Amino acid sequence: MSRIPCPRPLPLLLAVALALAAAPVLSAQEGTDASPSATGNPVVDARLADINVYAARYPDAFVDELVRYFDAPRSLIDELLKKGRHAPADLYYACALARVSGRPCRGVIEAREAAADGGDWAAIASRLGVQPGSAREKRLREGMVESYARWARPLPDAD
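Residue 43 in numbering that gives the first Met the number 0 sits at position 44 of the sequence shown; the count goes up by one each step and never skips.
Hints listed in this document are in silico derivations from the structure and should not be mistaken for laboratory results. As the structure is a computational prediction, the values presented were derived from the model and not from experiment. Possibly wrong hints are sitting among the right ones.
Here are the computed lysine to any residue pairs in the SDA-like style, where the Cα-Cα straight-line distance is at most 25 angstroms [what the hints assert, rightly or not]:
hint : residue 1 : residue 2
1    : LYS137    : ASP49
2    : LYS82     : TYR53
3    : LYS82     : VAL42
What follows is a list of derived Cβ distance ranges for each label pair [as the list claims (entries may be wrong)]:
hint : residue 1 : residue 2 : range
4    : GLY83     : ALA115    : 28 to 34 angstroms
5    : ASP156    : SER74     : 30 to 36 angstroms
6    : ALA48     : GLY132    : 21 to 27 angstroms
7    : ALA151    : ALA115    : 26 to 32 angstroms
Where a beta carbon is used, it is the ideal one built from N, C-alpha and C, also for glycine.
Start from the sequences, fold in the hints, and give me the full structure.
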């Protein structure tokens, strides 16, 4: 009696194992503010939501971006991400606001934590002189485009 060849289940098992291995990384953001506070700009909000996805998948590249291009202290970003109190996109936006307003990233993060209004990004940006349509706001959006170019990631737009 001849044996009927049976396809090896290895590719399927490998795919399942990889999916299960990725699950904790993706769900790690569930304990944080996975959807950053509204900035008042739907395009920026869409990009920030996507940054959370990117940071969950490529945490080292995300941290490197903030350290190299936003002058954020690596120890601060690592600590805040480890504690899980801040979504990656919130840290990105805080550091982006800091860069365009000439303040340290740590100062903007601390200002948001201490804000009586719960840390509304639109209010914080306004206090930092980053109003809609301003040169600073334009520079912030250009900086996001530059980050996406370094990540070789397509820019999401608002729905």
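Problem set entry | Violated hints - listed by number, lowest first | 3, 4 and 7
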